[in-house]
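Could you put together the complete structure from these sequences and hints?
If you read the protein sequences in the order shown, they are chains L and Z.
With my numbering applied, the first sequence corresponds to residues 1 to 198, in that order.
With my numbering applied, the second sequence corresponds to residues 199 to 674, in that order.
Mixed in with the good hints, there may be bad ones.
[To be verified] Listed next, the in silico DSBU-like pairs over lysine-lysine satisfying Cα-Cα at most 30 Å (straight line):
1) K3/L with K248/Z
2) K270/Z with K32/L
3) K32/L with K248/Z
4) K270/Z with K636/Z
5) K636/Z with K191/L
6) K564/Z with K591/Z
7) K191/L with K3/L
8) K636/Z with K48/L
9) K32/L with K48/L
10) K3/L with K48/L
11) K636/Z with K32/L
12) K564/Z with K636/Z
13) K270/Z with K591/Z
14) K191/L with K248/Z
Calculated from the structure, these hints are not laboratory results.
The residues making up each chain are set out below.
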Amino acid sequence: MEKFTTHTGRAVPLCRSNVDTDQIIPAHWLKKVTRSGFEDGLFEAWRKDESFILNRPERRGATVLVAGPEFGTGSSREHAVWALQNYGFHAVISSRFADIFRGNSLKNGLLTVVLPQETVERLWSLTESDPSAEITVDLEKREVRAEGVTASFELDDNVRWRLLNGLDDISITLQNEADIAAFEATRPAFKPRTLPVS
Amino acid sequence: MGRTLAEKVWDDHVVRRVEGEPDLLFIDLHLLHEVTSPQAFDGLRLAGRKVRRTDLTIATEDHNTPTLDIDKPIADPVSRVQLETLRRNAAEFGVRIHSLGDVEQGVVHVVGPQLGLTQPGTTVVCGDSHTSTHGAFGALAFGIGTSQVEHVLATQTLPLAPFRTMAITVEGELPEGVTAKDLILAVIARIGTGGGQGYVLEYRGSAIRSLSMEARMTVCNMSIEAGARAGMIAPDETTFAYLKGRPHAPQGEDWDAAVEYWRTLVTDEDAVFDHEVFIDASELTPFVTWGTNPGQGAPLGSNVPHPEDFADPQERVAAENALRYMGLEAGTPLREVAVDAVFVGSCTNGRIEDLRAAAAVLEGRKVADRVRMLVVPGSVRVALQAVEEGLDKVFTAAGAEWRHAGCSMCLGMNPDQLAPGERCASTSNRNFEGRQGKGGRTHLVSPQVAAATAVLGRLASPSDLSDRFADVAVEA
Ligand code: SF4
Chain L
1 MEKFTTHTGR
11 AVPLCRSNVD
21 TDQIIPAHWL
31 KKVTRSGFED
41 GLFEAWRKDE
51 SFILNRPERR
61 GATVLVAGPE
71 FGTGSSREHA
81 VWALQNYGFH
91 AVISSRFADI
101 FRGNSLKNGL
111 LTVVLPQETV
121 ERLWSLTESD
131 PSAEITVDLE
141 KREVRAEGVT
151 ASFELDDNVR
161 WRLLNGLDDI
171 SITLQNEADI
181 AAFEATRPAF
191 KPRTLPVS
Chain Z
199 MGRTLAEKVW
209 DDHVVRRVEG
219 EPDLLFIDLH
229 LLHEVTSPQA
239 FDGLRLAGRK
249 VRRTDLTIAT
259 EDHNTPTLDI
269 DKPIADPVSR
279 VQLETLRRNA
289 AEFGVRIHSL
299 GDVEQGVVHV
309 VGPQLGLTQP
319 GTTVVCGDSH
329 TSTHGAFGAL
339 AFGIGTSQVE
349 HVLATQTLPL
359 APFRTMAITV
369 EGELPEGVTA
379 KDLILAVIAR
389 IGTGGGQGYV
399 LEYRGSAIRS
409 LSMEARMTVC
419 NMSIEAGARA
429 GMIAPDETTF
439 AYLKGRPHAP
449 QGEDWDAAVE
459 YWRTLVTDED
469 AVFDHEVFID
479 ASELTPFVTW
489 GTNPGQGAPL
499 GSNVPHPEDF
509 ADPQERVAAE
519 NALRYMGLEA
529 GTPLREVAVD
539 AVFVGSCTNG
549 RIEDLRAAAA
559 VLEGRKVADR
569 VRMLVVPGSV
579 RVALQAVEEG
589 LDKVFTAAGA
599 EWRHAGCSMC
609 LGMNPDQLAP
619 GERCASTSNR
629 NFEGRQGKGG
639 RTHLVSPQVA
649 AATAVLGRLA
659 SPSDLSDRFA
669 DVAVEA
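The structure is reproduced here in structure tokens:
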């Protein structure tokens, strides 16, 4: 995973609630067996509409998505995170994220920032009226900054530490392999096993 | 202080607990399918890792599998590659797999329980959000992303953030014709698509206890549509009776030891939930969705709502967008909404009891001329059972299409899709834009409502049919 310390970029205000993962990346894209190449699938149905915000020339190269509440609901597809990253987003700001989407994003180094809805709306009006306005997402200070907005956000210390250092979860867990083995040794015999029953 | 069911199961799986770090939890059962696993296996390969516990891992093919001509090569080359990739990965890493054509193949959340692998007090994960289904057995079961799939493959554990607990207590008796699906749609409409966020829901109360295992699975399945981490129901005699004798259920002394443990898996009387919701079962009616998220639902007997009815500005905008997408006029009685297609199937309502319920409504009746109805069993076992009971004949005689097992039109990754603008009454769990095919419009319903809707060609419940038949009889 790439490190995330601080990022500054132009934004796309996506003023909709309940943007589900089927909208972020439709199911037919899920047939791919790689983690890359999902950028054209991002919001595919909405992008057919020329006036959709992502299609506007002034939004090209934007890297921060400012979304409505309940962003990322629905399916557990990590492809939604990959699509946002493949397209070029580094951070998503919303007042509420669906749990699985949030977990997936933080595992991939896409920073999902929770801010109060009023702050999201201030960012919306700022970036709607001025497409060149930049937003800084500072993980070290746990702060989002933009013209007229300075808002701190919360993020679990452990998650933040992993993101700041770009650490891979699996290697961290495997350092505690002895704990896993000890737990396995105490599991009751009646627990199910998947190997074919004879 | 006492503990809730969810807390008990969690505590029993903590491998490592350190202040300031998430708990590391042991995973008892890891279910795999073709869509969310290829990148995880790739990751293992790149790091030179193995699957730690192949004996706790099982794979099935479901999302991409065709429901017609399953003996022929899969037409879509991309789907074919994805299925072949799973087969190759399973072979390379020594994971048990049930491929298309195998008698144990089916939707992952139907297969786990029917094999008896899903058991009370276990932790179950799958790269699929509807893993919450398995909570019906008193398992702590949740959907994970591909990075976590890789983590579980490599370590059989997951570091997990703590959860909050919510009790959803449903007391009383469900009125005639009201099903588990109506119940859960009503719960989601009540608490909202984000209402369960961060929570493990525990469904309790007399109405829940009286549900069959299959109905409990329908309820737990849709917990994720309320944004919940998981949904659970305490195991009881119904659970034990369902499990007894299944291929992977414990046997002999193990069975006794297991049941003794399972009986401890109830929320203590002095346990405190972080949040509680009460529902009076007797007030529930058949429930359908009118919008594009599962929280946008209403009783079948009501009208398409007006966006102005919503006080919350976000909800108002969401309602406006939804009505536009769905091609619905506010104020239209839901019973007047005509459909083009009906889908019976999915991990929500693709089990044998669901097919029986739909068949009972269709028996001796015909699917309306302009309606296409697909019946897709959740697994090959369900299909075989349905055939044994003659349900397939009822469906085909009524003019419905009887298909092979899989996810099918629940998400349209295979050829079973709606055309743009087509409207479908579906027993699945998501009415998102384009979920059943680009531009398709979905109304979530119970199997009974799906069948009655197929007959009348508009949203309807079985009670509408008896009225109509009564009228016909009087006229004749
Ligand atoms: S039936 Fe539908 S919801 Fe269930 S696993 Fe398949 S695609 Fe997902």
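**Asked** What hints, given by number in increasing order, does this structure fail?
**Response** 5, 7 and 10
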